[in-house]
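J.: Please model the entire structure based on the sequences and the hints provided.
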Amino acid sequence: MFEAGAGRSKPERDARRRSQSVRSQSGVFKAVALAVRSRTEGDGPYRRGLEPQQRLFGPTTARRPPSNRHFPTAFNENAIFLPARLRFYTDTRNKKQTENKEWIIIQESANLASAAAPMAKKSGDLWKRIKHNRLLYVLLSGAVVWAIVFEYAPMVGIVMAFQDYDIFKGVFGSPFVGMKHFVEIIETPALSHAVVNTLLYSGVKLVLGFPLTIVLALLLNELRFMLFKRIVQTISYMPHFLSWIAVASLAYSFFELYGPFNDLRMSIFGSGTERTNILMEPDNFLGLIFFSSVYKEIGWSTIIFLAAMAGVDPQLYEAAKVDGCSRLKQVFYVTLPGILPTIMIVFILQAGGILNANFEQIIGFQNLYTQKDTEVINTIVYKYGLQQGKFSLATAFGLAQGVCSFLILYAVNKLAKKTSRIGIW
Amino acid sequence: MRTTRGEKVFQTLNMALLSLLSILFLYPYLNQLAISLNDGADTAYGGITIFPRVWTLENFAAVFSNESFTRALFVTVARVVVGTATGLVVTLAASYALLNKKLPGRNAFLTLLLIPTFIQGGLIPTFMLYRELHLINNFWVYILPSIFVFYNMLIMRAYLETIPASLEESAKLDGANSIQILFKLYLPLSMPVVATISLWIAVTHWNDWTTTLMFVQDTRTQTLQFMLYKVLKESELMMQMAVERSMQGGESSGAMPTITPTSVRAATLIVSTLPIVMVYPFIQKHFVKGVMLGAIKE
Numbered sequence: 001m002f003e004a005g006a007g008r009s010k011p012e013r014d015a016r017r018r019s020q021s022v023r024s025q026s027g028v029f030k031a032v033a034l035a036v037r038s039r040t041e042g043d044g045p046y047r048r049g050l051e052p053q054q055r056l057f058g059p060t061t062a063r064r065p066p067s068n069r070h071f072p073t074a075f076n077e078n079a080i081f082l083p084a085r086l087r088f089y090t091d092t093r094n095k096k097q098t099e100n101k102e103w104i105i106i107q108e109s110a111n112l113a114s115a116a117a118p119m120a121k122k123s124g125d126l127w128k129r130i131k132h133n134r135l136l137y138v139l140l141s142g143a144v145v146w147a148i149v150f151e152y153a154p155m156v157g158i159v160m161a162f163q164d165y166d167i168f169k170g171v172f173g174s175p176f177v178g179m180k181h182f183v184e185i186i187e188t189p190a191l192s193h194a195v196v197n198t199l200l201y202s203g204v205k206l207v208l209g210f211p212l213t214i215v216l217a218l219l220l221n222e223l224r225f226m227l228f229k230r231i232v233q234t235i236s237y238m239p240h241f242l243s244w245i246a247v248a249s250l251a252y253s254f255f256e257l258y259g260p261f262n263d264l265r266m267s268i269f270g271s272g273t274e275r276t277n278i279l280m281e282p283d284n285f286l287g288l289i290f291f292s293s294v295y296k297e298i299g300w301s302t303i304i305f306l307a308a309m310a311g312v313d314p315q316l317y318e319a320a321k322v323d324g325c326s327r328l329k330q331v332f333y334v335t336l337p338g339i340l341p342t343i344m345i346v347f348i349l350q351a352g353g354i355l356n357a358n359f360e361q362i363i364g365f366q367n368l369y370t371q372k373d374t375e376v377i378n379t380i381v382y383k384y385g386l387q388q389g390k391f392s393l394a395t396a397f398g399l400a401q402g403v404c405s406f407l408i409l410y411a412v413n414k415l416a417k418k419t420s421r422i423g424i425w
Numbered sequence: 001m002r003t004t005r006g007e008k009v010f011q012t013l014n015m016a017l018l019s020l021l022s023i024l025f026l027y028p029y030l031n032q033l034a035i036s037l038n039d040g041a042d043t044a045y046g047g048i049t050i051f052p053r054v055w056t057l058e059n060f061a062a063v064f065s066n067e068s069f070t071r072a073l074f075v076t077v078a079r080v081v082v083g084t085a086t087g088l089v090v091t092l093a094a095s096y097a098l099l100n101k102k103l104p105g106r107n108a109f110l111t112l113l114l115i116p117t118f119i120q121g122g123l124i125p126t127f128m129l130y131r132e133l134h135l136i137n138n139f140w141v142y143i144l145p146s147i148f149v150f151y152n153m154l155i156m157r158a159y160l161e162t163i164p165a166s167l168e169e170s171a172k173l174d175g176a177n178s179i180q181i182l183f184k185l186y187l188p189l190s191m192p193v194v195a196t197i198s199l200w201i202a203v204t205h206w207n208d209w210t211t212t213l214m215f216v217q218d219t220r221t222q223t224l225q226f227m228l229y230k231v232l233k234e235s236e237l238m239m240q241m242a243v244e245r246s247m248q249g250g251e252s253s254g255a256m257p258t259i260t261p262t263s264v265r266a267a268t269l270i271v272s273t274l275p276i277v278m279v280y281p282f283i284q285k286h287f288v289k290g291v292m293l294g295a296i297k298e
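Chains as they are written, first to last, in our numbering: chain C, 1 to 425; chain Y, 1 to 298.
The set of hints was computed from the structure by calculation and includes no laboratory data. These numbers were taken from a predicted model, which means no experiment stands behind them. Note that the Cβ used here is the ideal one computed from N, Cα and C, for glycine as well. Nothing false has been slipped in among the hints.
Within a straight-line C-alpha distance of at most 35 Å, the following computed DSBU-like cross-link-like pairs (lysine-lysine) qualify:
#	chain 1	residue 1	chain 2	residue 2
1	C	Lys-131	Y	Lys-184
2	C	Lys-180	C	Lys-414
3	C	Lys-414	Y	Lys-289
4	Y	Lys-8	C	Lys-329
5	Y	Lys-289	C	Lys-229
6	Y	Lys-184	C	Lys-128
7	Y	Lys-101	C	Lys-128
8	C	Lys-418	Y	Lys-289
9	C	Lys-180	C	Lys-390
10	Y	Lys-230	C	Lys-383
11	C	Lys-321	C	Lys-417
12	Y	Lys-184	Y	Lys-285
13	Y	Lys-102	C	Lys-131
Short, incomplete list of chain C residues facing chain Y, as computed with Cβ under 7 Å:
#	residue
14	Gly-142
15	Phe-150
16	Ala-307
Take a look, some chain Y residues computed to stay more than 12 Å from chain C by CB distance:
#	residue
17	Thr-56
18	Ala-61
19	Ala-62
20	Ser-65
21	Arg-71
22	Leu-73
23	Val-82
24	Ala-195
25	Ile-259
T.: If you want it as structure tokens, here you go:
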């Protein structure tokens, strides 16, 4: 395993050769032997004039024999255990710290950047540590540059919400207008309608969809035929792997005039039934949104509950059985209380997102007949901002949504904590 | 285990119910598969279930002979490959760098990367930024903004933490530098998590279409899922035209075409989803893992 990390450069070959002699007498203690070697050459903390005892047992070193008898495992990140026969220093002054005289704990090794850290205090040392770790900063730079450019830079753009943004003048040249756009949000009926729609769609998903998921999880949990259970689960995950536009496309075909839905109606109600496309009716939109999200995500959402159910102690079921609980009662008195923490957490997260209607879903299901009555906050921000060029108003609307979302999440979490002591933070 | 009669009845009912549910989940997709393989004019009569009545590959031929479609297929594949590779490198590098608890400024960097999961600039400022960066209508708009995902990094780092630090120490003593250690030691040892995260990134890239909707108008840079959106909205337009024409009392002229919007839509849907539908049963465990790890984190 170790060889996986070894390159073919000359210093590495040298190091390996140097370690050969040690390996021949002491098995696999190569790394440790080299650590010992480098400390004799006076690297690291040994130049800082510490007491030998401090050098050996840094202030945080806990004492515990290494778990692996073959190799002195690194302990506490940078502590190395040495077997006594390779003993280099011993501590004679403080008995407490050397309870296990079999081992020497080397807290520092000169070549380890991380090991030098607890000793360094002065800013000069800090600079040294930074320089020592420069390659790590190179590795980190990708993510940091990404965060600054693609996440923090747009945050500056939030000031657009308080400006009359002019695309030619930019964020720094456009005039400030204070809360004008927020007043506009309240005064525009289309926008308040979008808020109502958002709350309605998310609310129905939360109130009806959430219990459905738990019911499905319970039904799956009761299955005793494991192959069958696995097949049902796999099939129910399928829509999760489709994009929302694919699901919308499925729905469009399913409800087409000559699609399966109308065929089914014909065969049930007789051939005299008129074929209709329910997707064209704005009144059906709520049901569509609800059932399509059930279709897409219910199977996938059971995973977390099934995992929680698997974690319920089987002894509790035994005890309930002895006490005369039927299967149904076991569900109510053992299973559900057992997964309550999971239920609460999923609920809090979902309730926190109540102002976030699913943009992809709504856009996918909207059509020329329904879009006027079914706008939600996200779609309004998109349409006003990117299609109609009302940049400032759209930004203000998005900002208001973000702030309110956060406040709702905070409030729900607080409430949940008060009533059940379960929260996400 | 002793089974009572009630228990048996319940098991049977439960299995029947769940079988019905499974059929409901699969049916719309299988129906589309059948329609995509069925003659368009014949489909228009209705009654297609999960078996094609008049077999044909015309629909797929029509879809694949469309230049903007093949272009979209190419863009999508390129996006998945480039996006997964770059995303993986950035995530792996960041998780390894932040593994070192003694790295000066580590907590500051972690916070810097964490905050965007809670606060975002919003759509419009993002659009303005992309405009400044010339990312609008640019292929890189698919790659760069989604190159790093904080959650993926957490998962990756949690796995890297299980690799014994002694290995890294040994490699260091042998003179390896951080980059060598990352790619020659950590990367080979963390293949399970690398596979998992690659799959997450790849599926996200494959399924994304709102990026195109918002930031790309150029037809040469559109993706497959967006083609699906276009086909859906255009067939809706055609449907509307048909409705209007029938309301005006006009007759649709000539014979029915063999390729209808419905069958083209079905073929587009199948092409843009079949790769994932075919492989997801075998890779689902990687995704399930993500849900579980998330649950533990919270």
